[in-house]
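Chemist: Sequence:
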Amino acid sequence: MLDIAIIWDWIAFAVRWLHVITAMAWIGSSFYFVALDLGLKKAPDLPKGAHGEEWQVHGGGFYHIRKFLVAPENMPEHLVWFKWESYSTWLSGAALLMIVYWVGGELYLIDPAKADLALWEGVLISAASLTIGWLVYDRLCKSKLGESPTLLMVLLFALLVAMGYGYNEIFTGRATMLHLGAFTATIMTANVFFIIIPNQKIVVADLKAGRTPDAKYGKIAKLRSTHNNYLTLPVVFLMLSNHYPLAFASEYNWLIAALVFLMGVTIRHYFNTKHTGAPAPTWTWLATAILFVAIIQLSMAPLQQSSWEASEARELTPTEQVFASAEGFEDVMAIVPGRCGMCHAREPFYEGIHWAPKNMLLETEADVVRAAKEIYLQAGVTNAMPPANVSFMEEDERKAIIRWYKNAQEKLPFGVAVN
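Here the sequence shown is numbered in the UniProt record's numbering, starting from 1 and rising by one per residue.
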């Protein structure tokens, strides 16, 4: 019999793998073209309309690249478009968001201690916020503020900080950081899809029709591309943050994210300046270090966790009630807190562990049923937990966990238990 939980986890793994691969391609090409653009040199034999050129060597060959500020006089027969790296990154990321935070929302998205939301309400807020964010940002860029790039960047930063704070008021810390990353990535991909590529297509159409392309389209695309350049590194941090409770579970996670956005600016400013051939602004190293120390300090605040009493008093969701009433749950409660509770506790007592890994708590009945799938996969189907079996979990105990999970699975619609 096919195990839906195992299949679903492999689907999530495959989509995550795809997302990382496409993100590497997008970020790599983006950073390459920014460095290329800033490093262009003037030459006496440049053709009409060319802004600069660059000679490069790679893989045993030499490359001679020229940039036309608006467009060449004639349309080349072969033109490579750099767009699918962005589109595929966003599409795979959106799919991963749905798999982990929408379908698994009772564990990863909704925080009952912050907001009394049904899962469908959380999903609706999740989806709507990404769309609204782009609309607000795009309106700002198309206003007169578009003529003041620095002021526009300050307002974009304020928008991102406000969204981080808002997400943290209703979602889990993990979902807060991930959604802020998705919010930013949506802006970046929408810039490519709605602005950069369409503007390039207008220029291409003008060339084919024998018209002189308007330089404004390149200027608009350049502004959006610059925003993408400065937002890239913070997005990578936010996507990785779900592995580190000190980043996502701090009560100041939204401030940590804000400082990371500033770090993205200082780091990219250093490299962007260096690519132009100008003296590297080494002050950005100190600024980045100061920001990072501030982040470490903020992470030392108490982690966002429900107290033992609040967890015991919390009303279980319908899915959690199925697991709590399933045959074998009493056996699991005699196993999990004892074998896993030394680390996955509000006050861990295993030597060297100062906070619960991934902020996953396994002390109360509500804790255990909320993490049912993770327990099943990590300590039942596989021997991943406890690490190196430091608490000496017996094989019979792992089988008890599997039996309990499958008993609950049979009572769920279509046997689906992915939360």
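One or more of the hints may lead you astray.
Computed Cβ-Cβ distance ranges for the label pairs, DEER-style [to be verified]: (1) K208 / V236: 36 to 44 Å; (2) Q56 / S143: 33 to 41 Å; (3) M24 / I353: 27 to 35 Å; (4) W84 / E327: 48 to 56 Å; (5) A384 / V80: 37 to 45 Å; (6) H354 / K219: 50 to 58 Å.
Here are the computed lysine-lysine pairs in the BS3-like style, where the Cα-Cα straight-line distance is at most 25 Å [claimed, not checked]: (7) K67 / K399; (8) K222 / K142; (9) K222 / K201; (10) K142 / K83.
These are calculated hints, taken from the structure and not from any lab test. All C-beta atoms, glycine included, are put in the ideal place defined by N, C-alpha and C.
Chemist: Are H354 and K219 spaced within 50 to 58 Å by their CB atoms?
Modeler: holds, 51 Å
Chemist: Check the hint pairing K222 with K142 against an upper bound of 25 Å on the C-alpha distance.
Modeler: Distance ~14 Å between K222 and K142 Cα, so the pair holds.
Chemist: Please test the hint of 36 to 44 Å on the beta carbon pair from K208 and V236.
Modeler: With Cβ atoms ~38 Å apart, the hint holds.
Chemist: Starting from K142, check that the Cα of K83 is at most 25 Å away, please.
Modeler: It holds: about 22 Å lies between the C-alpha atoms, which stays within 25 Å.
Chemist: Determine whether the Cβ-Cβ distance between Q56 and S143 falls within the hinted range of 33 to 41 Å.
Modeler: holds, 39 Å
Chemist: Kindly confirm whether 37 to 45 Å is satisfied by the beta carbon distance between A384 and V80.
Modeler: Holds: the Cβ-Cβ distance is about 43 Å, inside 37 to 45 Å.
Chemist: Given the hint of 48 to 56 Å, check if W84 and E327 actually sit that far apart at their C-beta atoms.
Modeler: Given range 48 to 56 Å: holds, Cβ gap about 50 Å.
Chemist: Taken at face value, is the distance from the CA of K399 to the CA of K67 at most 25 Å?
Modeler: violated, 64 Å
Chemist: Quick one, are K222 and K201 close enough, alpha carbons at most 25 Å?
Modeler: With Cα atoms ~15 Å apart, K222 and K201 stay inside 25 Å; holds.
Chemist: Does the hinted range 27 to 35 Å hold for M24 and I353 at CB?
Modeler: Check passed, 32 Å falls within 27 to 35 Å.
Of the numbered hints stated above, the single one contradicted by the structure is hint 7.
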